[in-house]
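**Q** Fit chain F to the supplied structure of chain U, relying on the hints for placement.
If you read the sequences in order, they're chains U and F. Okay, so the first sequence: first residue is 71 according to the working numbering, each after it adds one. Okay, so the second sequence: first residue is -3 according to the working numbering, each after it adds one.
Among these hints, one or two may not hold up.
[Claimed, not checked] Here are the computed lysine to aspartate or glutamate pairs in the EDC-like style, where the Cα-Cα straight-line distance is at most 20 Å:
| # | chain 1 | residue 1 | chain 2 | residue 2 |
| --- | --- | --- | --- | --- |
| 1 | F | K80 | U | D383 |
| 2 | F | K173 | U | D424 |
| 3 | U | K293 | U | D383 |
| 4 | U | K133 | F | E53 |
| 5 | F | K173 | U | D423 |
| 6 | U | K293 | U | E396 |
| 7 | U | K413 | F | E151 |
| 8 | U | K152 | F | D146 |
To be clear, the hints were calculated from the coordinates, so they are not data collected in a lab.
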Amino acid sequence: MRARIILFVLLLLPGIAAAADLRYPQIPPLPKAPRDPDNAPTPARRNLGAELFFDLRLSTSGKTSCANCHVHNTSWQDNLVKPRPDTSQGGEFFTLAFNTDSLLNIVHRQFFFRDGRTQDLSHAFTEPWIEENQRLGTTRPAAATALAGILRGLPGYVQRFRRAFDVDITAIPDEEVFDLAGDALAVFARQLVTRTSPFDRWNQGRGEISDAAARGVELFTGKGRCIACHNGPNFTDQEFHNISSSPPDANGVRADEGRAKVTGLAADGGRFLTPTLRQVTTTSPYFHDGGPGTILDVLNHFDAGAAADPNHDPAVGTPLGLTPAEKYDIYQFIKTLRSPVSKVRGPTGFLCDDAAVARLRAKLP
Amino acid sequence: MTRVVLLLALVLALGGVRSADAFCGCRHVKAPRCTPADAKHRVTVRVDLAVVDGTVEVLTQTGPYRMPVADLDGKQVVFLFLPKGEVLQGFFEEVVPGGLAIGTMQGAQFTLTTGAIFTPGEYELVLFVDAVPGGGVGPGPQRGDIAAFDNTICEPTGVSVRFAVGCEDTTVTLTNKHFILF
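Just chain U, with the same shape it has in the complex (with noise of 0.2 Å):
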């Protein structure tokens, strides 16, 4: 009886853990990755989706691949103000328009993109290839008739592609290769998430961290006013907010319509999709232009309250008030969200360092 008892009470200690009473509820430490239920993470996907993800050959110039920006060991992003993923492209000095994301916990995630075009991941994957990114075609079904084109005439892969998803990708529509695709990168990214930070562990009870960070968490749920839109696990509300990050000119046009570009809706104008800030410290620099090169440029965009958009969120529309010395205490909690970044596996082994992504691409099909 005692021995059952005992084996009930370690069955129970994560779970009782996890119940237990966190010192900052509205940001607790992200969940176990949910499973899409509609794309197994087999093996063989996973394999396939790193081979996609590392393979320069699928992009016009037949040097880029989505690592170019979304880098493996650097947060899955570049750290520049925009990338320059295809010289190719239209000079040496063509960059996107946009800062690049960190893939980091996208998982969980409900939009991506900054203007949140899509909420499907797979889909989210295949769009740099219509884009100016790898650009293999400017429509989908061109793109997809490219790719595919690409991917049938390499054995390897329609092997692959064979072993992951039971089809034959010579005998399928261009678009459900395309599709696929996707969807073998999303089982890919979906391993790429970060670790239990010295936050989450403190926030539990458990574990330190400096008294600094620890009146950091307080001006960012209080004074700050950070948490309106930096909440729940991931610390993002996974909405659209208006933040003057482009502001109209003169004639009232922005730089980057932002969330409007999916809805039409003028009062979209400018609007972003909240960033997560789990590892922020290392995703320099930031918003979706890569405007603010660090993150006391950040706060002291927020401090000014400067509502340069006449969408601007009330929210944050005000100013702050902050000392410098409170700008400190928030960086120094920020910090405490950089955490160790989950161990990610292709088809050669995990992709710790160069040594191992030139392993997989010298066996790329």
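**A** Here is chain F on its own, set in the frame of chain U:
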């Protein structure tokens, strides 16, 4: 039998925790023991870019880009030092005391030696050349500037070059492979 079940449950519980926390770990590099232990050392920063036909080759995300040396000559070089793993986020409290300087490129070369400010250990060197006129150095590297990085190490910051200081003065040499075009 009960003990076996209990043991199995314990292994499952511990094993689950371990796999959930699995990450690409780095080998910890121990700082050398020096005498005296608190002695501080100088670091010489050398930018030494190879010139071919009046241009230097730097990186972009898709491959090399040839930048005219004229775009670098006489331009300001900004560099600072941070503790290992740190990223400059506008808070200069984080910078190694005395570890911020601005110099001038001489063609494709630059050399400057710091004061004796480094105890043994690992550090991050943040450095960029303000190649595009008008941008200034305040906001950090802008489009067209070149910045140093090294992503070949374990857990790089993506925006700096990591180096170690031992028991004596150290030289950090940055060549073409360390620079990316912003």
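**Q** Which hint numbers does the structure go against, in order from smallest to largest?
**A** Number 1 - this is the single hint that the structure violates.
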